Amino acid sequence: MVALATEQAQDAGLFGPDSVTWRVNGDQSMAIAGFRALLLQAVHPLVMAGFNDNTVWFDDMWGRLQRTGDWVGTVTYGTTAEAEKAGRVLRRVHASLPEGVEPESGLPYRVDDPELLRWVHVTEVESFLSTYRRCGGVLRRGEGDQYVDEMRASAELVGLERHTVPASEAEIQDYYDYVQPQLRVSKVARNNTLKFIRPPMPRWVRLGTPARPAWAGMVGLGIAMLPPWARRLYGLPAIPGADLLATANAYAVRRVLASVPLVITSNPAYGRALRRMRSLQPALV
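Residues in the sequence shown are numbered consecutively from 4, following this note's numbering.
The hints are simulated quantities; they were obtained by calculation from the structure and are not laboratory data. Treat each hint with caution, since some may be false.
For each label pair, taking beta carbons as the anchor points, the in silico distance ranges come out as [said to hold, decoys possible]: (1) E102 to E174: 26 to 32 Å; (2) P213 to R95: 37 to 43 Å; (3) Q149 to P203: 38 to 44 Å.
The calculated lysine to any residue pairs, modelled on SDA-like cross-linking and capped at a C-alpha distance of 25 Å, are [claimed, not checked]: (4) K88 to V75; (5) K190 to R67; (6) K198 to D177; (7) K88 to G162; (8) K88 to G37; (9) K198 to N57; (10) K190 to P203; (11) K190 to W65; (12) K198 to L119; (13) K190 to L277; (14) K190 to G238; (15) K198 to A245; (16) K198 to G72; (17) K88 to D21; (18) K190 to G37; (19) K88 to H166; (20) K190 to L142; (21) K198 to E105; (22) K190 to Y237; (23) K198 to H166; (24) K88 to E118; (25) K190 to G211; (26) K88 to R26; (27) K88 to S99; (28) K88 to L68.
Only a predicted model underlies this, so the values are computations on that prediction, with no experimental measurement involved. Just so you know, even glycine gets a beta-carbon here, dropped at the ideal spot from N, CA and C.
Using the sequences plus the hints, can you model the full thing?
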């Protein structure tokens, strides 16, 4: 038992502190990237149908957000054993969900269909990476591709085969070109997006804090940060300078978040990983 605890303490996890993934996924820009990823994932009608049929998002929105944050934190910063366990749990949950039918097209879907899992993975990776860049995050030449390649380890956890997932930014763009004919904003997606902008909040939060306008502002920024083709699917007009304005606003939000103590803004898994790595240092000397 002691040997196992020592081994876990010295485990850098799937990526490790020298990875691009640690740097990107631990950045304050992820607060915006998460909204962008969810809004982009919603334009796949089968993914949105599965989400709508099998989630209690609006009954337990804060709990769902917490679980999503825990997933990203565990996969990014947890030990290898912790990440693999999280993957096994997620795969069991997906496998237990019933098949469904997308109401507008009549097409059947399975939540664990590799095509749907791939869409969710790619949109998350591309959202995290592009938002990090647009918020002022610095990447050296080739590190964008390195991040995409590293994150294929996360795809394997949800049940995808590594070779079926884009390994570079160029492959992500090729994938988007391939999948775009399947995409549209369904009635379910539109209704859920409207609810997402104004989620249920306790009365004291709505009236006594700026949470409501702050939340709506972050969702709006997430929409503004979407690729132009995705904004068109939402029926949004092309406004000159919109991308530049969204980038400037996202940069400002990141600067504000960077001024908040890390104990508030960082994922708890990040702190645990740093302590684990410090315990590993003597073994590396």
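Which hints from the list above does the structure break, by number from lowest to highest?
6, 13, 20, 23, 25
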